[in-house]
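Asker: Given chain A, work out where chain B should sit, using these hints.
Number of protein chains: 2
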Amino acid sequence: MLYLVGLGLADETDITVRGLEVVKKAERVYLEAYTSILLVDKAKLEAFYGRPVIEADRELVETGSDDILANADKVDVAFLVVGDPFGATTHTDLVLRARELGIESKVIPNASIMSGIGCTGLQLYNFGQTVSMVFFTETWKPSSYYDRVKENVQLGLHTLVLLDIKVKEQSLENMARGRLIYEPPRYMTVAQCAGQMLETEEERKEGVWGPDSLAVGAARVGAADQKLVAGTLQELSQVDMGPPLHSLVLLGRRAHDLEKDYIRQFAVNEETFDASWKNGKYGSS
Amino acid sequence: MLYLVGLGLADETDITVRGLEVVKKAERVYLEAYTSILLVDKAKLEAFYGRPVIEADRELVETGSDDILANADKVDVAFLVVGDPFGATTHTDLVLRARELGIESKVIPNASIMSGIGCTGLQLYNFGQTVSMVFFTETWKPSSYYDRVKENVQLGLHTLVLLDIKVKEQSLENMARGRLIYEPPRYMTVAQCAGQMLETEEERKEGVWGPDSLAVGAARVGAADQKLVAGTLQELSQVDMGPPLHSLVLLGRRAHDLEKDYIRQFAVNEETFDASWKNGKYGSS
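Residue numbers (the numbering used here), protein chains in the order written: chain A, 770 to 1054; chain B, 770 to 1054.
Where hints are given, some of them may not hold.
One copy or two, either will do: identical chains are not told apart, so a pair holds if it fits within one copy or between any two.
[Said to hold, decoys possible] In the EDC-like style, the derived pairs of lysine to aspartate or glutamate whose C-alpha atoms are separated by at most 16 angstroms in a straight line are:
1) K1029 / D862
2) K996 / E873
3) K910 / E972
4) K875 / D994
5) K937 / E824
6) K813 / D780
These are computed hints drawn from the structure, not numbers from a lab.
Bound conformation, chain A alone (with noise of 0.2 angstroms):
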């Protein structure tokens, strides 16, 4: 059997009982570490399970699926995902592969960011479809991200935008030179988010959002130094949230008064967010 286990979203003991039971009997673990991490290491994870932990990065899961799943048909394997396994990243192929093999699988739900963002307050109704944002370089700067939270936008509705990260990456030179030195992890932050959302209107420059658009910064969701701010684009562009993990909500104008009065709590600035939520026809629908 091969078991999907969601690990949820800060620490070790955000794992379910009924995923920890599978994690202790399971023959093999595989934690996936490339799409998301938890906030703790993996010695502290196999301190908790009483059992060795194997990273698997995309390599291993992309094309290295069926060592994963070797003898699943006869022994218990648990592969463990941060947040939910068909949450942000949805595990189906794994799952397909599985299936051909003639492997049977079970998913152990958890919390997923696309529902942790809760947190916020903002009614989960109210989101539109959820998009991600890369780091751009130089000469990289992909906006088709703009179109979809231009359509959330156009029809009032709260956005999330969940950020990249970058582990166990080559520099191009190193890939080049087929040398395995891997750059160190980088973690986008809502102040990066944000100057990036600011950079991609100035270019595409329909309007979709500006500087004094209303957004919500959420760091560490879940964990006992989870952080919310809320501010304008402008001011979350300059926000000092903390380590990762970061992720950012575009406030849609159908915004009710509940939601307003909950965010308004981590306002960066009380005045300019009420003068924001006016200019902007925030509780419009």
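Answerer: Same frame as chain A, now just chain B:
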């Protein structure tokens, strides 16, 4: 401290390890028992926690929240919510009330149907806004949800439809006579939801969907006997998916091939599925 603890979706073992620690130590433990249910009863939870659990109905939460919060500045109170505390139903009002009383709150996230629906293999990125479906009566068939779904359909996005539950409801007669007699609980099925959707379309006639529109029914997400079914609304209006809880996803046209491959596994009828996929121009963006 007020702890809002997510219980996840299926049974008592879906609580997180951290959530369980909180419940075991809290002075009082409430269970929000009117917007969703676990698939096990209160006695099973009490046995698992080794603690008495107080059922909190709508009245207690909405008008008696100060009883729940009594003394919570000095002792720990756990408020248990099926799914995630800020998922489909958002308990921001309780947190805001606690704050007014000078009581701190902490949230322990868990799986919500809003992300758990990813078990269908449909990408959460491709969902638009979520809607709720209430039980129609002879004289009350609200169709405001139709306008929301229309917005999603026009963008080619999937729509998660959350289905009504009725617990601790009085009949009109008992209510008029002030008799505290409650009707047996009712949980909407996928078949009822699909039937009501076809009824609304017949009334509104804007062609947002039809009998051949594809949808996925999900029952008991996260449980051992989880059941998924893919088919046309016509087919789903006749499907028996067993005990509650049920949800439905109306498929958006932007669905891509990996999603198709995944849901096709659950097709009521692969031939009508393929025909509807083709005729409905699914898979185009």
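Asker: Compare the structure with each hint and give your call.
Answerer: Okay, the hints, checked on the actual structure:
no. : hint         : verdict
1   : K1029 / D862 : between (40 angstroms within a copy, 12 angstroms between copies)
2   : K996 / E873  : between (40 angstroms within a copy, 15 angstroms between copies)
3   : K910 / E972  : within (10 angstroms within a copy, 47 angstroms between copies)
4   : K875 / D994  : between (32 angstroms within a copy, 11 angstroms between copies)
5   : K937 / E824  : within (12 angstroms within a copy, 48 angstroms between copies)
6   : K813 / D780  : within (9 angstroms within a copy, 27 angstroms between copies)
Of the numbered hints stated above, none is contradicted by the structure.
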